[in-house]
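There are 2 protein chains.
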Amino acid sequence: MFNPRVLEIPGSLIRTIAAKRQPSSIDLGLGEPSLKPKMAHFEHAMAYVRSHGVKYTQNAGEHALREAIARHYDYPHMHRVENVCVTTGSQEAMFVTIKTLLDPSRDELLIVEPAFPAYAKMAALEGIAARGVAMDEAQDFAFDAERIVAAIGERTRAIVICSPNNPSGRVISRDQAGILVRALERRAGDPIWLIHDEIYREQTYIENEAYLADSYPYTIVTNSLSKSNALTGLRLGWILAPEEFIEQAIKAHAWVTSCTDTFAQQVGLHVFTTLGGVGEHVEWYRRQQSAVVNALRKSGLRFIEPEGSFYACVRLPDGVPSLDAAIALVEEYDVVAIPGIAFGAMFDAWLRLSWVAPIDRVTEGIDRIAEYCRSNALVS
Amino acid sequence: MFNPRVLEIPGSLIRTIAAKRQPSSIDLGLGEPSLKPKMAHFEHAMAYVRSHGVKYTQNAGEHALREAIARHYDYPHMHRVENVCVTTGSQEAMFVTIKTLLDPSRDELLIVEPAFPAYAKMAALEGIAARGVAMDEAQDFAFDAERIVAAIGERTRAIVICSPNNPSGRVISRDQAGILVRALERRAGDPIWLIHDEIYREQTYIENEAYLADSYPYTIVTNSLSKSNALTGLRLGWILAPEEFIEQAIKAHAWVTSCTDTFAQQVGLHVFTTLGGVGEHVEWYRRQQSAVVNALRKSGLRFIEPEGSFYACVRLPDGVPSLDAAIALVEEYDVVAIPGIAFGAMFDAWLRLSWVAPIDRVTEGIDRIAEYCRSNALVS
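In the order they appear, the protein sequences are chains A and B. The first sequence stops at residue 383 when you use the working numbering, and every number in between is there. The second sequence stops at residue 383 when you use the working numbering, and every number in between is there.
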């Protein structure tokens, strides 16, 4: 009994590892900031509730918040209220986007890998075909537009790109974005849409990063305040897209969750209307990234220097499956790290480390992983 | 382009009428309380955020909240943490329930009508067959178990019952629930599930009301704090069901919204752990219901006496379509009421009035509707 598509959803590998965590563990598995959110945003929302209660907003979200989001990002094809649908975190933004955009009887979703497992799982839940296109390990998984274009098939209707990337930390450059966009523009027939997951946008450490919506009109952006403002639990996200798409997405969103928490929307409105609000944690991440890169250099590990996100990936010794490594690390070294296999078979030689813990803990964790890799390389 | 199932979703009739509202209008169209929520629940959540931030909770929700919900309702087959999945309002609770329970290739959802349009629209969005079974107008749409049982087809996998009912205000009695449950228990083969939408539970004005989960083990309850505590905008709901179902529903919920707002969950925890918290507005609704029934009696209108909810339905003169009536009322009488057609063709002779506005406004609105009906009955 029950819907077979739900029954077939496997348990989360990330949660399996996290369940082995001890109070003493050095946790480099976390997917959320360790910073605290600023209370001023919450005080504003409290004052709002005192005067207005917490009534429903429009399905698409509070007008002022939609406007503030559209203006903040100011993309050429989508800078108006009508381009924004506020959602329950970027998770619902992505779910509604995939559900609205793709016709299960016809379309295919192309996922640029390594990738957060949610995209493929959401597609499976909707009965939508999905296929991955792997970036090149020899290039440290840099975004490679030619590889992406070469992977486009007849049924490909959309390509999902997470940049800054979870897990790799790579960021798509303006050069590569240009090659991708020009190739898509040259195609005949219905356009292929780009879905740009910008969730780590405020954790970017390079200067030539590309925002696909700047140059390609068939771009759908999903984002939230979860990572930028340490508001993961607030579940405030949005879809930013051309009006013809948003109009349809609002209808799907209306039947999935009706509308987003009014209190959370007021918190978000305060973030967007505070000067520098969205970027209030940027400096902390820059300092932390620099310290982590130093620690990784000293460790002797092969690692991918993070251009964005709050992850760093390290290469395991040849022949060591990442799940074995993650289990050994948590059980014998008291360090939690996420096995690369969680992001697809092509990432099985890697571990994903998050570095939101205090820097001395992160450094100690890196040292223990280096020790594990050294012992394991000798043994094998 | 786009998913045809989303393209086919029609606009909301309720919103079409609401859009014609003027600042001067008497609004009997509202689907949410006019009371303010108690700030103590929010102060608790603020204190929580100050110490803990707003991190993700488990997908299924905060352990303490799940436990408080399970204990509060204390249903025989589902009184433990494992029986609860916290959701983004009862809208996501119903969406996830329908998505998890029914196999689109095989199953049919039976909807007891009149009904809130969301159930049929969610089923359509999921490609799930849905069919309505209408209660009898001659009986003022009282829940009639024999009619429901007679409508069960070979593919019927679940029956959705909203009691207290939106729009009719009827409540299923223990006698009728007993007949329904015994008939379902006598059936061979896979069980048919009952989905009980309990959203208006704290607005019940009779003594022999039935809660289906009390007597039938294959019951899934959806509910929220929206109506009971004037927290519509908070989006805090839940699914309460047997563990074998919740286990699967959590997986669907995890990919739809990940988890529910941590702040909202803390508000909810305070409601459930405050003595009388869930029932804090019960007395106000009882007094209001009694005053509204008096006003309706004086008006000379045919109406359905509300056994629950904060709606009252009035009968239009023969041959007047409800949409015409609703448009005439808002344009000529400055009263917003919801046309019965929004709840199915079988309810087209009726208007749904909500009575959450101050009682003198509600009474004035009823008087104007009575005037409209008198003029219209004379004309036709």
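Honestly, the hints are just simulated from the structure, not real lab data. Since the structure is predicted, the reported quantities are computational estimates derived from the model, not experimental observations. Don't take every hint at face value.
Identical copies look the same in the list; a pair holds intra-copy or inter-copy alike.
With a cut-off of at most 30 angstroms between alpha-carbon atoms, the simulated BS3-like pairs for lysine-lysine come out as follows [unchecked claim]:
| # | residue 1 | residue 2 |
| --- | --- | --- |
| 1 | Lys124 | Lys301 |
| 2 | Lys124 | Lys41 |
| 3 | Lys39 | Lys58 |
| 4 | Lys58 | Lys41 |
| 5 | Lys41 | Lys301 |
| 6 | Lys301 | Lys58 |
| 7 | Lys124 | Lys58 |
Against the structure, the hints come out as follows:
1. Lys124 <-> Lys301: neither (37 angstroms within a copy, 58 angstroms between copies)
2. Lys124 <-> Lys41: For lysine 124 and lysine 41, the Cα distance exceeds 30 angstroms both inside one copy (33 angstroms) and across copies (40 angstroms).
3. Lys39 <-> Lys58: Cα proximity of lysine 39 and lysine 58: in one copy and across copies (27 angstroms, 9 angstroms).
4. Lys58 <-> Lys41: both (24 angstroms within a copy, 13 angstroms between copies)
5. Lys41 <-> Lys301: Close neither inside one copy (34 angstroms) nor across copies (55 angstroms); limit 30 angstroms.
6. Lys301 <-> Lys58: neither (54 angstroms within a copy, 32 angstroms between copies)
7. Lys124 <-> Lys58: Between. Shortest inter-copy distance 23 angstroms satisfies the 30 angstroms Cα cut-off; intra-copy 33 angstroms does not.
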